[in-house]
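A.B. asks: Top to bottom, those sequences are chains A and B.
Read in my numbering, the first sequence has 62 at position 62, and its numbers run on one by one without any break.
Read in my numbering, the second sequence has 97 at position 97, and its numbers run on one by one without any break.
In case anyone wonders, no lab produced these hints; they're calculated from the structure.
Since we're looking at a predicted model, the values are computed, not measured.
Keep in mind that the hints are not guaranteed to be accurate.
Said to hold, decoys possible - Think about it this way: if two alpha-carbon atoms lie no more than 30 Å apart in a straight line, the pair counts; the simulated DSBU-like pairs of lysine-lysine are: (1) K98/B to K27/A; (2) K98/A to K144/A; (3) K98/B to K9/A; (4) K97/A to K27/B.
There are 2 protein chains.
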Amino acid sequence: MFELDYRLKNDCVDIGCLMLSRILLMKDANYPWLILVPQREGISEVFQLDEDDQEQLIWESSFVAERLMKTYDGDKMNIAALGNVVPQLHIHHVLRKKTDAAWPNPVWGAVPPKAYTRQALAARLDQLQRAFETSLFKPSDPRKALENH
Amino acid sequence: MFELDYRLKNDCVDIGCLMLSRILLMKDANYPWLILVPQREGISEVFQLDEDDQEQLIWESSFVAERLMKTYDGDKMNIAALGNVVPQLHIHHVLRKKTDAAWPNPVWGAVPPKAYTRQALAARLDQLQRAFETSLFKPSDPRKALENH
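If we strip away everything but chain A, and leave its shape as in the complex, we get (with noise of 0.2 Å):
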């Protein structure tokens, strides 16, 4: 069955999920930065993936990503699979501006991670789960993500 990373479940708040990917909002507001997860058991490589989730998961990246450009005007999306800490397949989708705080860097290890506030991170919830709104998209509840925050 198939269970979260404890790591994933520290690092990151639920926003909810489409049909393959749970998405994550990592704790760090120096950019809008979510995690796709696909939800299969025991996965830590794109190849391990059979040819029709291969086929969802780059719909969904483009799904998140397209939204996440709209709704915060970006300037590039990075999207990367490393998983060299926690090997479980996760894909790392973060909105980056040229006014950011690591730009042009890549984000890993640029710079210290920005706690968000309860607030910031209510309304941050708020608006990603509106960017995503389709019927493709169940969203997590958001009380439960700012319960221990």
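Following the hints, complete the assembly by docking chain B onto the known chain A.
C.D. replies: Structure of chain B alone, referenced to chain A:
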């Protein structure tokens, strides 16, 4: 008409192409580091490709990733579309080992690039072109790749 960005041309060696993407080898001997460039004009984001091209891209990405992992007995693939400096869509495929120079950090900015000797580059080209040998892969002329090295 599609034309490869001059910075990608300078930093890489042309290995060959698949149906959609050109495959480049980054001139950094620290890791087997390939870059896939979908040969479509004016594209900087995956979501700008049409749906067929997106499906082809994930197929080609997984083909390259799986063959790299097998050929070099890797510990993890790092796959990323960043493009903050070079906006032409290009997707990094870096074979990571627990013993490599940057592990477990992402490779960008981690350690200075290590030049290939002419001999090491010729060997790498040969390994890679054999790793990708299928009816779908059109290898570039290795003499041309080595010409300016």
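A.B. asks: None of the hints should be skipped; say for each whether it holds.
C.D. replies: Checked hints:
1. Between K98/B and K27/A the CA atoms are separated by roughly 27 Å; this keeps the pair inside 30 Å, and the hint holds.
2. At most 30 Å may separate the alpha-carbon atoms for a hinted pair to count; K98/A and K144/A exceed this at roughly 33 Å.
3. Distance restraint check for K98/B and K9/A: the Cα-Cα separation of roughly 25 Å lies within the 30 Å cut-off, and the hinted pair is therefore satisfied.
4. At roughly 28 Å between alpha-carbon atoms, K97/A and K27/B fall within 30 Å of each other, so this suggested pair holds.
Violation of the numbered hints given earlier is confined to hint 2; every other hint is satisfied by the structure.
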